[in-house]
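Residue numbers (full-length UniProt numbering), protein chains in the order written: chain A, 1 to 459; chain B, 1 to 459.
Hint data in this document are derived by calculation from the structure and do not stem from the laboratory.
Mixed in with the good hints there might be a few duds.
Same chains, same label: a pair holds when it works inside one copy or across any pair of copies.
[Unchecked claim] In the EDC-like style, the derived pairs of lysine to aspartate or glutamate whose C-alpha atoms are separated by at most 20 Å in a straight line are:
(1) 243 with 288
(2) 443 with 174
(3) 23 with 174
(4) 243 with 285
(5) 443 with 433
(6) 63 with 25
(7) 354 with 403
(8) 243 with 283
(9) 37 with 230
(10) 443 with 3
(11) 331 with 22
(12) 155 with 217
(13) 219 with 283
(14) 211 with 167
(15) 243 with 101
(16) 399 with 3
(17) 155 with 283
(18) 331 with 390
(19) 261 with 314
(20) 331 with 94
(21) 83 with 22
Protein chains: 2
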Amino acid sequence: MLDSRIIDQLRQIVGKDQVSAEKADLICYSYDATQQKFMPDVVVHPQTSEQISRIMRLANTEKVPVFPRGAGSGFTGGSLPTKGGIVLTTERMDKILEIDEENLVAVVQPGVVTEQFQIAVEKVGLFYPPDPASLKFSTLGGNVAECAGGPRCVKYGVTKDYILGLEVVTPTGDIITTGGPTMKGVVGYDLTKLMCGSEGTLGIVTRIVIKLLPLPEAKKTMLVLFDSIDGAAQAVSAIVRNKIIPTTLEFMDGRTLDCVKQATGLQVPDAARAVLIIEVDGDREFLDKQARRIADIIQPLGVVETRIAETPEESEALWQIRRSVSASLRKVNPDKYNEDICVPRSKVPEMIRKVDEISDRYGVPIVNFGHAGDGNIHVNIMIDKKIPGEQEKAEKAIKEVFEGALALGGTMSGEHGIGIAKAPYIPLEITPETALYMKTLKKALDPNNILNPGKIFLD
Amino acid sequence: MLDSRIIDQLRQIVGKDQVSAEKADLICYSYDATQQKFMPDVVVHPQTSEQISRIMRLANTEKVPVFPRGAGSGFTGGSLPTKGGIVLTTERMDKILEIDEENLVAVVQPGVVTEQFQIAVEKVGLFYPPDPASLKFSTLGGNVAECAGGPRCVKYGVTKDYILGLEVVTPTGDIITTGGPTMKGVVGYDLTKLMCGSEGTLGIVTRIVIKLLPLPEAKKTMLVLFDSIDGAAQAVSAIVRNKIIPTTLEFMDGRTLDCVKQATGLQVPDAARAVLIIEVDGDREFLDKQARRIADIIQPLGVVETRIAETPEESEALWQIRRSVSASLRKVNPDKYNEDICVPRSKVPEMIRKVDEISDRYGVPIVNFGHAGDGNIHVNIMIDKKIPGEQEKAEKAIKEVFEGALALGGTMSGEHGIGIAKAPYIPLEITPETALYMKTLKKALDPNNILNPGKIFLD
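Okay, chain A solo, but in the shape it has when bound:
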């Protein structure tokens, strides 16, 4: 329990209505998408960077940990208050401050919901590409902290590629600004990109300067069924080799397809053992030509069937198949470990074979889908935790999946981050020397270890 004196001081900083130590409120801020729970002592809702600065100074004086939080939609526990203390949520800092149509730049507060921002810029013909699956509720501040990805990243890159500048409150309570609204800038260290993906451990983002693109005129979706995952993977390489970078190149393996068929009654030929959903965007007239070219390129690679959407409704129907995956999986088993390894694109088939082998060996169902275009595979280990021994098997399987990805030149996480969920596995990927460099940096910037302690590297 936090001293009531500290809670009083927090009330003085942000106002009475913006602080709660009521149990019912605390519970709301105790979990994230990992379904793990840690109770904070108090939740504060600051509305300005000055308030956040004062909170951080107080926390340093009193040695109370602070856990910044967006929507709490993260998959790895990055916002969980693992040591109690203060949950600092930016959800009430939710204003779009500027959309500069001339310079294709926007300025927002961190609590703006990703999809709301996309809708706002699309209204004026602009485009913010990053599209994490959580975009209906995740916030841009959280997206920056985790460096969120999504299906469109194949063509357009990840969150950090769109962040031009930030205002940040440092772990010790200074307010700093990084980058700015220009397309280029090399004055001092690139703290903007350092913050992106630092999981709320190096600073609290209070304002975000975002680069926008012109909204593509149109898009075209196609769903292609292949007789093997190798055919689908070769198709991805062949498309890229032909100088086409589609907006999305999503895949599902045979096991995922089985789940979807079973759950939704989707009618596909029995020969189909892998799916690619390919979307291209750009000039309307050019798209038809491009879709036909893609169909020609991939035809020899074991295509069982190709469906090209001719209307937005047909496109939506194709995407609905992809969206039904998560719900379908729940019918396999109630508990899901959702990992997101990333390997060089050409290694996807080999990785899927490894995962299938691990799945068979441990007798735990594992289904794979995700972003084939950038080698980012969502590996879903489906178990029933109520069955004794299942959790242990899943954990062993996860470790082997990570080791398998690393052996192929890959990484443990393409977009979900480390948080606490993957922190125990960090030594598999990061050498002691590299870890020391990172920890030295964190320690220098947060000498009292106040800001989101115990994330990425377990204390």
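Since the structure of chain A is already known, use the hints to place chain B on it.
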């Protein structure tokens, strides 16, 4: 002078032929493109990261500063050995280690010359876009250290956008690896981007993992003469508003055009007071359509004349006009201060008017050209240093140019960096709090201040 014992130890580390303390050799490593000179005590040519690690450990033990150097083509003194000590050049680490055509990734040593690398990847149908003006001699290691830009950055982004991973020797001599060959990765802090543009102060890059693109099928160049800089600037905005992002959008102001006319005898109508060189790339068939569309879009904006290249030779002739700028300027005055401010794209005309006003007020010729598409203006202050008082006037003018850019939401440098040339102006752009964050980081990672001391922030 460095103790001969230390020079002997360096010889033991890298071999006798890879160390020189001869004056003639030292002179070769005493200058860069700023034309300033600082003599080092010794030059070493390591060939492995292990050797560099040992050099850094020795330097820390002996408290000798180390100045890493690529080709020495920087404009801001980032590689100058301002405190004597060791110049560590990576020019003999010049191997392209891998070009992975399947995954569009290359791995190189830091001493590979930028253009040589571009030629090598283009041979296999791939593309490395960053194109600093120095590309015929600058090295990729130097490009990473400075985060080099170039004309193609409007469409394709800067060096850091292509760096996926690095091997780095830290200031204390550890060998660390950052990132990797995957398109996504969020494990730990993004040290890769932190190194990019850190001007050799946070680590010495020893291996670079580079993202490549498919080589565009074709390109098309057009040169457009406008009756005012405002027309040219409006043209840039209008093109982008029409969802076209050209590969390059280079501009020259009226004063630059005057220099080129005078020096080369270029024939253009007297009404021409600004030039845009626009290049688009991509699908051959699509390009003609796009070039015509651009011509239509910009026609109402004061176009005096449009020249569209129909052949590669005609394209080359148009680019020759742009390339003649630097030589033409030398005819105005012998000494050039080449600044590279960057402002939001829409502010370019206002910035040019400010610069013209500063030029007139101080009576020093200033000509502007550069990358209009991303607001990156090369401001060239032309003086004759032999004339008493000229240098002081130039320095006052530069400060006002920087202040002008910052007042428009811009930055002092889009691609040249800070080094020592702009270090005195850092407080204009970076707040004391932000500078403290950066300095804390440097101090923690380089406790003895051995690696490139006195750069970015004057000691």
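Checked hints:
Proximity of residue 243 and residue 288 under a CA criterion of 20 Å is satisfied in both settings, with 16 Å inside one chain copy and 18 Å between copies. Taking the shortest alpha-carbon separations for residue 443 and residue 174, both the intra-copy value of 16 Å and the inter-copy value of 18 Å come in at or below 20 Å. Within a single copy, residue 23 and residue 174 get their C-alpha atoms no closer than 31 Å, and across copies no closer than 48 Å, so neither meets the 20 Å cut-off. Taking the closest pair of Cα atoms, residue 243 and residue 285 come within 20 Å of each other both inside a single copy (18 Å) and across two copies (14 Å).
In this assembly of identical chains, the alpha carbons of residue 443 and residue 433 lie at most 20 Å apart whether taken from the same copy (15 Å) or from different copies (17 Å). In the homo-oligomer, the alpha carbons of residue 63 and residue 25 never lie at most 20 Å apart, since the shortest distance is 23 Å inside one protomer and 56 Å across protomers. Proximity of residue 354 to residue 403 under the C-alpha cut-off of 20 Å is restricted to the intra-copy arrangement: shortest distance 10 Å within a copy versus 58 Å between copies. For a Cα distance limit of 20 Å, the shortest separation of residue 243 from residue 283 qualifies both inside one copy, at 16 Å, and across copies, at 9 Å.
In this assembly of identical chains, residue 37 and residue 230 lie within 20 Å of each other by CA distance neither inside one copy nor across copies; the values are 40 Å within and 59 Å between. In the homo-oligomer, the alpha carbons of residue 443 and residue 3 never lie at most 20 Å apart, since the shortest distance is 26 Å inside one protomer and 36 Å across protomers. Within a single copy, residue 331 and residue 22 get their C-alpha atoms no closer than 36 Å, and across copies no closer than 76 Å, so neither meets the 20 Å cut-off. When the C-alpha separation of residue 155 and residue 217 is checked against a cutoff of 20 Å, the pair qualifies both within a copy, at 16 Å, and between copies, at 18 Å.
Taking the shortest Cα distances, residue 219 and residue 283 sit within 20 Å of each other both inside one copy (8 Å) and across copies (18 Å). Within a single copy, residue 211 and residue 167 get their C-alpha atoms as close as 15 Å, which meets the 20 Å cut-off; across copies the closest is 29 Å, which misses it. For a Cα distance limit of 20 Å, the shortest separation of residue 243 from residue 101 across copies, 12 Å, qualifies, whereas the shortest one inside one copy, 30 Å, does not. In this assembly of identical chains, residue 399 and residue 3 lie within 20 Å of each other by CA distance neither inside one copy nor across copies; the values are 41 Å within and 52 Å between.
For the identical chains of this complex, residue 155 and residue 283 are neighbours both inside a copy (15 Å) and across copies (17 Å), given an alpha-carbon limit of 20 Å. Taking identical chains as interchangeable, the C-alpha atoms of residue 331 and residue 390 lie at most 20 Å apart only when both belong to the same chain, with a minimum of 17 Å there against 79 Å between chains. When the C-alpha separation of residue 261 and residue 314 is checked against a cutoff of 20 Å, the pair qualifies only within one copy, where the shortest distance is 19 Å, while the shortest distance between copies is 58 Å. Taking the shortest alpha-carbon separations for residue 331 and residue 94, neither the intra-copy value of 36 Å nor the inter-copy value of 55 Å comes in at or below 20 Å.
Taking the shortest alpha-carbon separations for residue 83 and residue 22, only the intra-copy value of 18 Å comes in at or below 20 Å, while the best inter-copy value is 60 Å.
The structure fails hints 3, 6, 9, 10, 11, 16 and 20 (numbered hints given earlier, in ascending order).
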